Amino acid sequence: MLMKDEHRLEDYLMNIGYHRLSAYIYPFYKSPKSELVLKDGTTFEQVLTLYRFDKKLWK
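Take 139 as the starting number for the sequence shown in our numbering and just add one per residue.
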């Protein structure tokens, strides 16, 4: 997974949590998803975009 700023990534993981974010990584896995291999070019920003979208739906 691509991330421009590793310090920022660490902050997100500490505040949101890996287990909560892991559900938003799932759509970016290649098939078969059981191998847990990400599609080429997947970025952490894409995962955060899904997380933020979902979070807004619950407000």
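Don't take every hint at face value.
[To be verified] With a cut-off of at most 30 Å between alpha-carbon atoms, the simulated DSSO-like pairs for lysine-lysine come out as follows:
no. : residue 1 : residue 2
1   : Lys193    : Lys142
2   : Lys194    : Lys168
3   : Lys193    : Lys168
No wet-lab data here; the hints were simulated from the structure. Remember, it's a predicted structure, so these values are computed and weren't measured experimentally.
Going down the list of hints, with the structure as the test:
Of the supplied pair hints, the one linking Lys193 and Lys142 holds, its CA atoms being roughly 23 Å apart against a limit of 30 Å. The straight-line distance between the Cα atoms of Lys194 and Lys168 is roughly 27 Å, inside the 30 Å bound, and the hint therefore holds. Annotation: proposed proximity of Lys193 to Lys168 holds, straight-line Cα distance about 25 Å (limit 30 Å).
In summary, this structure violates none of the numbered hints.
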